[in-house]
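Take my numbering: the last position of the sequence shown gets the number 85, and nothing is skipped along the way.
Take these hints with a grain of salt, some might be off.
What follows is a list of derived Cβ distance ranges for each label pair [as the list claims (entries may be wrong)]:
id, residue 1, residue 2, range
1, Leu76, Ile51, 32 to 38 Å
2, Pro83, Ser30, 30 to 36 Å
3, Ala65, Asn25, 29 to 35 Å
4, Ile79, Arg45, 34 to 40 Å
5, Lys77, Glu21, 47 to 53 Å
6, Thr8, Leu70, 25 to 31 Å
7, Thr64, Met20, 24 to 30 Å
8, Glu82, Arg45, 40 to 46 Å
9, Ile73, Asn37, 41 to 47 Å
10, Ile73, Ala16, 31 to 37 Å
11, Ser30, Ile80, 52 to 58 Å
12, Arg10, Ala52, 14 to 20 Å
13, Glu82, Ser26, 52 to 58 Å
14, Thr8, Lys71, 37 to 43 Å
I should point out that these hints are in silico values taken from the structure, not numbers from a laboratory.
Ideal Cβ positions, reconstructed from N, Cα and C, are used throughout, including at glycine.
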Amino acid sequence: MVGKGTYRTKEEKARIVMEVLSNSSTISEICRKYNVASSALYRWRDEFIAGGTAAMDHGRSTAEASLLKEINELKGIIGEPAQ
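Starting from the given sequences, assemble the full structure and let the hints guide the process.
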């Protein structure tokens, strides 16, 4: 049985989230089945969905674009040409 603070692998989390998304059981049933808090399960689901959306983005990630912008701004400050 999984207790408080027990580590679950990303594969376990994904499998549980896929069960949630399949609508084969209610959130409450899945929480009881895997001994997971509903708040954790909702967080996993949201992270899973957000990650799935990011996987569909073939361009630069938001973080990468933000870092590139910052690098170019800093280069402008020190007088180097931006990329």
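Hints versus structure:
1. Leu76 - Ile51: 32 to 38 Å: Because 34 Å falls inside the window, the suggested range holds.
2. Pro83 - Ser30: 30 to 36 Å: violated, 58 Å
3. Ala65 - Asn25: 29 to 35 Å: holds, 32 Å
4. Ile79 - Arg45: 34 to 40 Å: Because 39 Å falls inside the window, the suggested range holds.
5. Lys77 - Glu21: 47 to 53 Å: holds, 48 Å
6. Thr8 - Leu70: 25 to 31 Å: violated, 39 Å
7. Thr64 - Met20: 24 to 30 Å: For Thr64 and Met20 the Cβ distance comes to about 25 Å; the hint holds.
8. Glu82 - Arg45: 40 to 46 Å: holds, 41 Å
9. Ile73 - Asn37: 41 to 47 Å: holds, 45 Å
10. Ile73 - Ala16: 31 to 37 Å: holds, 34 Å
11. Ser30 - Ile80: 52 to 58 Å: Distance hint for Ser30, Ile80 holds at roughly 57 Å.
12. Arg10 - Ala52: 14 to 20 Å: holds, 18 Å
13. Glu82 - Ser26: 52 to 58 Å: holds, 56 Å
14. Thr8 - Lys71: 37 to 43 Å: holds, 40 Å
Checked against the numbered hints above, the structure breaks hints 2 and 6 and satisfies the rest.
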